[in-house]
Amino acid sequence: QDVTLRVHHFLPAPAPVPANFITPWAEKVEAESDGRIAVEVYPAMQLGGAPPNLIDQVRDGIVDVVWTLPGYTPGRFPRAEIFDLPFVAADAETTSRAAWRFYEEHMQEDFADIHPIAVHVHGPGNFHMKAPAVESLEDLEGRAVRGPTRMITRLLETLGATPVGMPVPQVPESLSRNVIDGTVIPWEVTRALRVAELVDTHTEFGGDRSFYTTLFVFAMNRDSYEGLPDDLRAVIDANSGIETSAWVGRVMDEGDAPARAIAVERGNTIATIDGEELTRWQEAAEPVVASWIADMEDQGIDAQALIDSLATILAEEEAR
Amino acid sequence: MNARASRAPGPAGLFPRAEAMVGLWIGRFAGALAVLGGSVLTLVTILAVVSIIGRYASRTRWPVFDGLGPIPGDFELVSMGAGFAVFSFLAWCQFNRGHVTVDIFVSWMGPRARAALSTFTNLVLTAIVVLIAWQHGLGLHDKMRFRETTTILQIPLWWGYAGGLVGLWSFALVSAYTVWRSLNEALGAGEPDGDGI
Amino acid sequence: MSGLVIAGLFFGLLLFLIFARMPIGLAMLVCGLLGSYTIFGRWAPVFAQLKHHAFETFSSYSLSVVPLFLLMGAFAMKGGLSEALFRAAAAWLGHRRGGVAMAGVGASAGFGAICGSSLATAATMGRVALPELRKHGYSGALATGSLAAGGTLGILIPPSIILVIYAILTEQNIAKLFVAAMIPGLLAALGYMITVAITVRLNPDDAMRTPRLPLMARLKALGEIWPVVAIFVVMIGGMNMGVFTPTEGAAFGAAGTGLVAALRGKLGFAALIDCFRSTAASTGMIFFIILGAGSFNSFLAITRLPVFAADWVGGLAVAPVMVLVVILLIYLVFGCVMDSLSMILLTVPIFFPIIMTLDFGLTPEETALWFGILVLIVVEVGLITPPVGMNLFIINSMAPGVSMMQTYRGVIPFVASDIIRTGILIALPPLTLGLVWLLF
Ligand code: NA
Ligand code: NA
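Chains as they are written, first to last, in this note's numbering: chain R, 1 to 320; chain H, 1001 to 1197; chain E, 2001 to 2440.
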């Protein structure tokens, strides 16, 4: 082969995205380049560092490709936080298509020193809590809930919870020793972490928008990309962009159902926030959007325009 | 057993008196840094205990404990505080010859030959620590430029890097001094036994 | 050059540098950086690894448990908790033949219940018990040998820094590992006491007896160890009942021992400074090795050595237990010349995936816990196997007039007891896992 691409990410190899996207993507690239590109995948942070380091590892060329969350480095990708806002996103596949278009329109500068191959979101975020179940805003009062990113912990705090910020691998242990009362994550992740065994209740949201989601990026080192011969760069290009983003989004969506089935099988309570209660939640969450817009203004970013633009793009993708 | 006791009278080597004087101050400095780190570690201990009590109290749902809860962002404060302590401890460990070595294959060497070997390893150590401190400074620059913060308290990450940078450059400084110290031991009476741990 | 050859070359260089007395952390950094350069062919990515490596390693929440446990050990030493333990153990065991040495082992076990480090346990108990042993006519060999072995109880009985590191490396539950270590740790203490009893029967010159104390005096001595018991119960209980994380448990223990020492008037300004400095020296030592191991392990990962090694063992046509025994023997051999922490950091990422592919009739989690305890024991044996054993050096340096050869001779029966115990634990996994099944 001519080129070896090292791919580094933070989840164990059998998790849905590594198994159903990263490995097949690697095999596809190897095949379409007639074996001239070799792809080595290193799961579970095998090459060292913690998940927040991934973005620097790909930027500095320690590895060639990473799969990571911009939200792991709060403050660094301000525009990407729009996907963390409450009641903004739809299902993962559609929102991931929109996310790619949003990236092309608004975030090229943020990601200027890396080469994104796909940007996508996960399925709708839900609550996974010890009893009692979260059925109304009041049920959240004072309970320690883990959130993944800056905006989501702010959302939890605004809604009355005590937010705890920790990386996802620490969740099972923290649940088992009552350091947290619960966590927000999409269904798909609960399977690998065995969350259904550690909590008693789950809370989903009605309506056509998710409680929250967050952005992921599958990106290549800029020099590794630009250093490829034209025909090999064409292979990477053919496996990048909106369709590739939609592919990961679909894998995320498809991972939700089997994970939810485990919770059902265990007899856990599954509550839904819908109707008037959902309206109360949406109103209670509004200050988070306002505070984000104010934050962005401090940095000279017109956030309201971004929110409007994303709404338009998402509506177009939903209408497709 | 004790080579220091059998050391030849009168200092030897490269500016031995200056080395002793510098060593005195370097040792005081590294010791002070270690005490600073230890104090921060003690604060971390107290903070963690207060946070545990707050969390436990808030769960009892007794009215007396209303408004109590874990300290917000306690995980971030504990890791940053303990991290600062660790950075501050490295210089003291090096000054005390505290790094773990396997002596068995060099036990046949005399104290002077061992000091010569230490001069070499301390030189390599100094080079590597300078490299780490330099790169850590570049990392600090990245964190500042990208305005990264912690998740809950939104403490700028570069503050943590800046604290670490002090520890790393102090470690480099002490390492450089220990090159001089072991060189003079090699030219003089050799390396003392049984230091460190 | 294939990754395997490069890995082999730099592993050889690493051993050479370590045996040439380069600090272990430094040797791993040198080999990790040079090895990565060999693979990348450029310095830029190698240097870039260092930009965030130190901060990420030192400011990791799960690793912050290490300085906290070390601070706790320093406070416990200053607070006189070790002396109280020794007096209590001597009151109950001293009148037996070899009783003072047994008391040293018992007190080490008690100290091990609140201290996570073997070196701290050996140093502390050595200071308290060595003069007593010599005063009661114990031979240099038995006195230093039994205390060096007793020191390993600091790690064998939870809490234990080595287990914390193992849990981090293998993503296991620390609380479960601590529970799994409980019975093997008590067996170790019992085994050492039996070893003392046998040794003094074979060499009656090794020890004299002390008079038996009246029951009231014994109960009084027992009453004085209540702070140790209280701290241990709250700390281990809290971690296992789910009140706090291991890091918080360590913080609680450090605060508790600090408070006891302060209330006893033993934590004045000078003593506090002493505690900080000794914590600094041992923390710096451990984290410098962790830093080096991180660099070396990233290098090993890009050579794909762990993958090749796992494939190779997977292709061997021998019983899983034989693979396990071979791996443990490798640890024993390396333990004669290497430090336990660096061995864990260097080898667990290679051996653990291999063990997890084998079928011992246990679930993956049970296998991970059981292997963790076995590794813990064999690396701890390394602390007391001649010629290089940190506990042997510490205790011997505190015993003027006892030659290193005498200490080597004195510790051999205790090493034998360790090996017998390891065999029993391999044959009977429920000894390790029973309490875990009961409590979780
Ligand atoms: Na212990
Ligand atoms: Na040894």
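What the hints contain is simulated information worked out from the structure, not anything from laboratory work.
Check the hints yourself; a few may be wrong.
Unchecked claim - Which bits of chain H does chain R cover? Going by a derived footprint, with three or more residues having C-beta under 8 angstroms, they are:
#1 1071–1081
#2 1138–1149
To be verified - Among chain H residues calculated to face chain R with C-beta under 8 angstroms, some are:
#3 S1107
#4 I1152
#5 Q1154
Given the structure is predicted, the values throughout are model-derived calculations rather than measurements.
Think of the CB as a built atom: it goes at the ideal place given N, C-alpha and C, for glycine as much as any other residue.
Against the structure, the hints come out as follows:
1. Only when three residues or more bring their CB closer than 8 angstroms to a CB of chain R does the claim for the region 1071–1081 of chain H stand; here the count is 4, and the claim holds.
2. Only residues whose beta carbon comes within less than 8 angstroms of a beta carbon in chain R count, and the region 1138–1149 of chain H has 6; three or more means the coverage holds.
3. Residue-level restraint check for S1107(H) is violated (minimum Cβ-Cβ distance to chain R is 35 angstroms; threshold 8 angstroms).
4. Interface restraint check for I1152(H): the shortest CB-CB distance to chain R comes to about 4 angstroms, inside 8 angstroms, so the restraint holds.
5. Given hint, Q1154(H) at the interface with chain R, holds; its Cβ is 7 angstroms from that chain's nearest Cβ, closer than 8 angstroms.
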